[in-house]
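*Asks:* Listed below, chain by chain, are the residues.
Protein chains: 2
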Amino acid sequence: MATRESRVLEIIETARAKRAKFRDDRINMAHGAGGKATSRLVEGLLQPAFGMDLDDAALVGDIAITTDAFVVKPLRFPGGSIGELAVNGTVNDLAVSGARPLALTVSLILEEGLEADVLKAEVEALATAAERAGVRIVGGDTKVVERGHADGLYITTTGIGRRDPRVSFSPPRPGDRVLLSGPIGAHGMAIMLARGEFELDADIVSDTRPLWPAVDAMLGPGVRVMRDATRGGVASVLNELARSAKVAMLVREKNVPVAPAVAGACELLGIDPMYVANEGVFVAIVAPDMDVPGFADIGEVKTEPPGMVLVETSFGGKRVMDELVGDPLPRIC
Amino acid sequence: MATRESRVLEIIETARAKRAKFRDDRINMAHGAGGKATSRLVEGLLQPAFGMDLDDAALVGDIAITTDAFVVKPLRFPGGSIGELAVNGTVNDLAVSGARPLALTVSLILEEGLEADVLKAEVEALATAAERAGVRIVGGDTKVVERGHADGLYITTTGIGRRDPRVSFSPPRPGDRVLLSGPIGAHGMAIMLARGEFELDADIVSDTRPLWPAVDAMLGPGVRVMRDATRGGVASVLNELARSAKVAMLVREKNVPVAPAVAGACELLGIDPMYVANEGVFVAIVAPDMDVPGFADIGEVKTEPPGMVLVETSFGGKRVMDELVGDPLPRIC
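Here the protein sequences come in this chain order: H and U.
Anchor point for the first sequence: position 25 equals 25 in this note's numbering, and the numbering is continuous, going up by one each time.
Anchor point for the second sequence: position 243 equals 243 in this note's numbering, and the numbering is continuous, going up by one each time.
Just so you know, these hints were derived from the structure itself, not from any lab.
It should be emphasised that the depicted structure is a prediction, and the values quoted were computed from it without experimental measurement.
Possibly wrong hints are sitting among the right ones.
[What the hints assert, rightly or not] A short, non-exhaustive set of chain H residues, derived as facing chain U with CB atoms under 7 Å: (1) N28; (2) V60; (3) D68; (4) I109; (5) E112; (6) E115; (7) D141; (8) L268.
[What the hints assert, rightly or not] Ranges between beta-carbon positions, derived for each pair: (9) H:E124 - U:D289: 43 to 51 Å; (10) U:P74 - H:G51: 23 to 31 Å; (11) U:G148 - H:G326: 14 to 22 Å; (12) U:D289 - H:G113: 46 to 54 Å.
The beta carbon of each residue, even a glycine, is placed where N, CA and C say it ideally should be.
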């Protein structure tokens, strides 16, 4: 064990993320994947220029505001579509920041030649999802670009919400528990299979859903922080949290819920479900004594090594669960 | 004169806009141009589905919110760039709704292969324009699409502001005056010439600028309504206002300020500057007795014919200034 531990620490010393810098010459697909390249772009270029933190919903007074672009391909997939995703993705950013979603704006970039029926279906999906999430769509914009300069339609939604008075977030601290609101990997795998690039057929539907009800049920003084595990999956969320709070996270792989069909597809394709995008699952870091029925307790916050996420495998070993490199699943949201 | 008047009324009877319906089979460029096709799309499909008015900044409590997508081509043009436009366009929607701009979110859709220097320049342009407009950039998102599925970058900005207590908007009524904050047509013509599709060289720079200072200086009880004259130009703004308030507008062509270079380019290309997009000009409908120094008094609100805009030409005749049909200037913002 000693040898294994010290080897892990060696790897860590090498891999420990420095403050990301944006030195790339050109944008590539990995910059949109939610992993290391995205961190370089966001932390190395956008945050310094804008003087802010782009990850979370921001607060203006007690109003929380968040924005998200949606470029998912295909537009419709088992369990949802771009319109539904555009609502849920944005209201969920509000929810995990402890803000009850109130209103949305919708900005559409349409490709010349887009079938009216496709557009109508997505407008309907936006409206239905907004109703289900309990938010009003209060504003919008539409632009059209020439054929070939978009993929049907891209949607940007911006959500505003009101910070819930029960919120008292604080940085994760050693001893805290790492909870997951549900089984992981469904959304990303549903999209991948829907593209038909793999000769694999599995009954997997996206988990896209509004998270406010689940957040509402658990909000309280023991909740340190919540994050929806979208692009880059649970692994990316935990890495970001560990890095920003300068703590370590230890995840017990056997406690991470993955539906059998998702686990099977991931194994066949050689993909770790911890890196696969979800659209209806969030990570909550909570006080050691907090009990949250229905959530999976997947690990805990540790002191060492700061900034790193370690996984205890089913075989009892440990490995570093680093940030995503490259983009195994482009355009999943 | 009697014959001319009755012919105008005949045209009006034929042209009078019914409630727009969206019956198109496919999206075409005109749906993004701000004219009749855009009205059909917005009023015929989006507003009924979302149960709201998409044109203005919406109010949630005393917070105003508005969103805009920017797909301008080329990315840089005389007088500005997409990043600057994305800030000014959105803060101006807030300003003309009587809301002091407070904060912005920025959503980027990047094309794979985009040069980092181009991105850096636009990030800088966003930051600089936000600082000049007095707003903080508080949130953002970045997505990447494959090469050929966007034109470098598309930006959606969403702005929030606080409604100014001096605002007491009311529908335009007969006798009100139609004011313009500055000379028209510069932005659209600057973009057109920058594309190099015409063998025409003229010293025209975009008028992109934040409008809040000008709005701030004039806000008061006599201001009925303000609109920035972007896509579709002053003609589209006046048509929308006439239609929604069920009044007529009479514009005196000789009173409409157009810079000589813009007027010359418009004449050579056969374009009416009243339909050309502006990014730093707004229309204000004000009470008959209100004096606003520096604004051009271009006409007045009339009773008949309701829903229509008439132009008194320099030769003393009148013609209908209808909504834009088709898209003479695609992707100007």
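*Asks:* Against each hint, give a clear statement of whether it holds in the structure.
*Replies:* Structure-based check of each hint:
1. N28: Check passed: Cβ of H:N28 comes within 6 Å of chain U, closer than 7 Å.
2. V60: holds (5 Å)
3. D68: With a minimum Cβ separation of about 5 Å from chain U (threshold 7 Å), the hint on H:D68 holds.
4. I109: Holds - the Cβ of H:I109 comes within 7 Å of chain U, reaching about 5 Å at its closest.
5. E112: It holds, given that the least Cβ distance between H:E112 and chain U is near 6 Å, below 7 Å.
6. E115: With a minimum Cβ separation of about 6 Å from chain U (threshold 7 Å), the hint on H:E115 holds.
7. D141: holds (5 Å)
8. L268: violated (25 Å)
9. H:E124 - U:D289: 43 to 51 Å: holds (48 Å)
10. U:P74 - H:G51: 23 to 31 Å: holds (28 Å)
11. U:G148 - H:G326: 14 to 22 Å: This hint holds: roughly 20 Å between Cβ atoms.
12. U:D289 - H:G113: 46 to 54 Å: Holds - the Cβ-Cβ distance for U:D289 and H:G113, about 51 Å, lies within 46 to 54 Å.
Violated hint: 8 only; the structure is consistent with all others.
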